[in-house]
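Participant: Residues per chain, in single letters:
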Amino acid sequence: MPETKAIERRIVLANLDQPGYTPDIECYLKHGGYASLRKAAGMKPEEIVNEVKASQLRGRGGAGFACGVKWGFIRADEKKPIYLICNADESEPGTFKDRQIIDRDPHQLVEGMIISCFAVRAKLAYIYIRGEFAGGARILQKALDEARRNNFLGKNILGTDYSLEIYIHRGAGAYICGEETGLIESLEGKRAYPRIKPPYFPAVLGLYQCPTIVNNVETLCNAVHILRMGGAEYAKIGRPNNTGTRIVCVSGHVNKPGYYEIENGAWTLGQIVNDLAGGVRGGKKIKAIIPGGSSAKVLRMGEVIKLRQKQPDGSMAEKEMGILDIPYDFDNLQAAGTMSGSGAIIVMDETTDMVKAMNNINAFYAHESCGQCTPCREGSLWLQKITDRIVRGGGRASDPGLLINVADNIAGRTICAMGEATAWPVQSFVAKFRDEFEKACEKK
Amino acid sequence: MPTFTINGRKIDAQPGDTIWNAARLQGIQIPYLCASANLKPYGSCRLCLCEVDGQRGYPASCTTPVRDGMVVRTESPKLNQLRRNVIELYLSEQPEDVLHASEQLRTYAAQFGLQKVRYRRSGTSGHHLNGNGHRHNGHSHGKTDQIARRDYKVDDSNPFFIFDANKCIACARCVRACDEVQGTFAISMSGRGFASSVTAGNDVGFAASNCVSCGACVKECPTDALVEKAVVQHGKPEYTTRTTCAYCGVGCNFDVGVRGGRIVSMKPVDASPVNWGHACVKGRFGWDYVYSKERLRKPMKRVGDQWVECSWDDALAMIGSEFNRIKKSHGPDALAALSSSRGTNEENYLMQKLMRCAVGTNNVDNCARVCHSATVSGMMEVFGTWAATNSLNDLEKTKLLMVIGANPTEGHPVTGARIKRALRRGTKLIVIDPRRIELCRYAEVHLQLKPGTNVALFNGLANVIVSEGLHDKKFIEARTENFDTWLEVVKKYTPEAVEKITGVPAEKIRKAARLYATSGASMCAHGLGMTEHKYGSYGVMTLCNLAILTGSVGRPGTGVNPLRGQNNVQGSCDVGSVPVYFTAYQKLSDPLVQAKFNDATGRPLPERLGWKVPEMWDAALEGKLRGMWVMGYDVAQTDPNLLKVQAALGKLEFLAVTDLFFNETCKYAHLVLPAASFVEKDGTFTNGERRIQRCRKVIEPQDGIIPDDVQMIRVSEMLGYTMNCTTSSDIMDEIARLTPTLAGVSYEKLDRGFGLQWPVLNMAHPGTSVMHTEVFPRGKAKFAPAEYLPPGEEPTGKYPFTLVTGRVLHHYNCGAQTRHSGLIEFVNRDILEIHADDAVEHGIADGDMVKVTSHRASVELPCAISERVPPGQLFTTFHFPDNNLNTLLSSSADTLSKCPEYKVCTVHVEKIVKKSGKRNARSHFPTRKRDVHARILV
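As they're listed, the protein sequences go chains D and S.
When the letters of the first sequence are read in order and numbered with my numbering, they come out as residues 1 to 444.
When the letters of the second sequence are read in order and numbered with my numbering, they come out as residues 1 to 938.
Everything labelled a hint here was simulated from the structure, so no lab data went into it.
Please note: incorrect hints may appear among the correct ones.
Said to hold, decoys possible - No more than 27 Å apart at the CA atoms, straight line, and that leaves these computed lysine-lysine pairs for BS3-like: (1) S:K697 <-> D:K197; (2) S:K10 <-> D:K197; (3) D:K197 <-> D:K5; (4) D:K44 <-> D:K236.
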């Protein structure tokens, strides 16, 4: 691991913080915008898919699914309409990256979407944007209008025989709409109940029972850069299987909370927190870090992580390290028993009451459970009820065990991944801070 | 067919089936709450979790498709623990009084070994959920549960069931049933997470929502959150008896639940090939008239102006002596009887046997005369049959449905729901109706013709099909005759010419014709809008012409299918309770029939053809008809030109009426006898798809009521003729012996499954679902040319409106049953529907009382502005006797069948202005919105 100070590598965020950079199309064009689309217009759709496959781009929404593989699910001889949906329902607690792109560099997203739609032969695409992003929706609408006026969108794009329409659909304030099948149901005008699996992938049966690609905002933006530099070149950024850059959102008790674009795997969690985010406020010690949005399992300062890493020669080796030494990318955080998720790093210092923090997270999931399946609907509320009573001094000695029990009964037992999102924080908080929970339960 | 192993047992599954359903069909029980064989997989309760070799976690068996060779376990200590935890979560929020927690949850709790709920809610006040599923903020600072808990008000607004959200487990089976089965989308899940709850309409409660009270939600509810009020009041059924509904001609099968000798529920039968587990408000809940206090319980005779109770012996003897007296002095043809198409086949057969053998006259008719008699005469002409060519199950196979003069979502709601399901699967729809009925919303094209112009419209459709070469030349060549003669007539009916007559734009006629001719499988379903016209029979012929023109008959998913109004319209005529035919329309003049009849009954068939219902009134007024027995047919409310009917009844020397209630006809009677209701007797009904089905005695007749069949057998005895059949099964055997198309029918066979669809030619014959596959009864089908002739009345300056009558969902015909049921809470009076433009022109506001006047009479009705009627038309119902609505109508009837022209009557309308001031009599109109809502907001 390099001992140098962590630095950003801005690709997606390259322009938006530049002084004088504006979200209009003139500014975007001045900065080389839509060049990738022009390039794409001269390519065949499958060539673009191959470039994306070569780039090894993984989804930036949370699950890290290989984007090229997802696109590859669309059959070449597909007769049904194909849809593409940009998932802009950014609502994982701690995450605030997509909105930067939407608000300040909307054309990058629009260009990425058009390229992606062309690659998967979608003629109609939607941006499903979080309801609270009212301003963002307006900005995007303006960007779409501008793109249409410039023949980047609409009929016969850039003189080709390819036509595309993109519509914006605003959500109504539900976390579950970020789950891609819940999102699709919502887009269809229904209650956002996630769909039962199988079918496992919307790419097989999605919107209106047609093949549908759902990608995150940041993922789609990367398509612009993959086309610009070529898939193979893009794959050189980051590490194998963890290519490209990643926007991380650092929040909590740090001196410089904010978004930072880093090369995947180039820096450790500690380097990000200390070098980029300026370390912990008031020189306090770190107590815990949630490395990938509130549903990721928490890491406790001082715990020893046994990290199985792939060695340059391809063999696997286990290495013990502290949490700050974990290189930040998809595979290493997964190997550490948690996940990079949506890239939201939440830092908690030594003054943090972990039970209260847990209660806060539980309140969120209880509020956001869609209510479709029982373990999550009833369980999420009971998790909150239990931590709530502990916080209020009504805890029972059996409560920590009960929390684990309820959570175990949710994870893996529900229709969508929100079950895991609800259970993982509880399972990890109670397991790693059991002493604090037990002490809190004694308090009357 | 995939084969898989479940708990060590190898079983087969249908391709695409789920583990849960495949197991269920093999009798393997997997615990569940949210799954239902009637609904799409959902997977929310997580009780049916299973273990699959090679698969991570515990997938829900109700959503996991079977894969060939998969190995599944549905029982293990781990699975039991998971299930226990789910039930524990449910119980933590159920009402604390354990007796009130759902029975199913308590059963599962015991099954999974749940001893104690670890997270019982505490009694301190916390944040309650109100009825909207939103959280109140309580401001308590107690140390325990401060978070939301369920505390809902019970919704008891529906007359028949309650919804207790506190018992709800949010499995959404009710919502899914409303969506997937009924297609009304009246209820939905609202709120989210823990606050998820079922909401009716726009959170207005069940009664005020667009709920049609079909009961599908109640049937699906696994926790009794939705439960019948009768069950709450009387308890759950101890046993059930299977029977057939006695409302409309769909003929739904029900299991009647009985507790302590009392009926407490009627549940539709899942396996029924007629209703497939679905029901409508009338069949599901409207049986409570059986226990109405107003039911006739003792015979009564008129003494002066008084009604005096008399014994059954006296009553029956009185019919015997009066009939004997009139027969002796005026001959047998001075007597007549009317039986009921609401009665059983056996009762109808007995009535004609009584008249033909004991009295010696053919003067017997039934209420089918006034609804589908024109269907019979029309179909006879073209096909040589008198019944639906296809089956209800053909709705699954048809590609295009044409609904003509019928409003299935109200008149035949179970078929209506089934049509809507077919439409959601992609079946196309043409609606031909003067009114904008609910189905119009889903139609490709709605031909909104002027009432009484059917013949012109169908000729026009045929014209387009022929002129565009879309007709089935092969079929016409092989299986029809008279094409060329017919063509000469049809040629004149160009779409433009037809537009002038019908008011339907020519382009729409073309569109509908093309759709009908080219779908591949086009099916027609028609109702009384087809038949109740002056040229109703000709209308039916022109419809049948279309079917043979395009080869849309004799194949699955095609045909001409009358939607029968009453439960036994088909059967009452099939068994010969008609004045001009014997059973199955065998000609009375046929020597073979005469011989057969004589052999079986020991009496000759009377020679003179009998009178049809309208002819009976003429005969009575002329003094030729002097005595009548009317059974289950309220002629004084339902026949047209009521003043004439009432005058005719008043002239009779003797009138006996057998009915459930003291109806309008009773007012003219000399003797009134109680009848047994459909749950108090054995018999059969024949539904609109020719299916003969058992009606079974569930409870004994109340208060010693002598059932109708016994009444007739005893009267026959007094007239000197002993009926040689006493049980209903014997009667059916006799019918079978005398009727070729019913030759293979017996109770033993009927009881084996869900009845038999005639023709059933012999004991080995399985019945017939699609008729005319090879030949028509008349050999080749005959194109029947028919010219358009105007209806009996056309709008004039004095009577500018055309009044159309029909029915609403919650009532049935004259309302004899439904007015004595909780159904009255939905609709308690007839209302006149008027288009907004006409209302404005006549200064009428919603809710005003208006006077409707025809050439014959005037009636007063409250008025509602409705989108369902076009300008120049009015619509109302005749469910309520107090309006005497049918006094407006003329005696005009179908020229062939004498089916009255109910659908066309010209009137004028004026607002009733109170004499005392300028304000109109608005106060008469109930402010309850339900009456209006029930018809306008369908």
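Participant: Now look at each hint and say whether the structure bears it out.
Facilitator: Hints, one by one, checked against the model:
Taking the CA atoms of K697 of chain S and K197 of chain D, the gap is about 48 Å. The hint is violated against a cut of 27 Å. A distance of roughly 25 Å separates the Cα atoms of K10 of chain S and K197 of chain D; the hinted pair therefore holds under the 27 Å criterion. Between the alpha carbons of K197 of chain D and K5 of chain D the distance comes to roughly 45 Å, so the proposed pair goes past 27 Å and is violated. For a cut-off of 27 Å, the pair hint linking K44 of chain D to K236 of chain D stands: about 24 Å separates their Cα positions.
In this structure, the earlier hints numbered 1 and 3 are contradicted, and the remaining ones agree with it.
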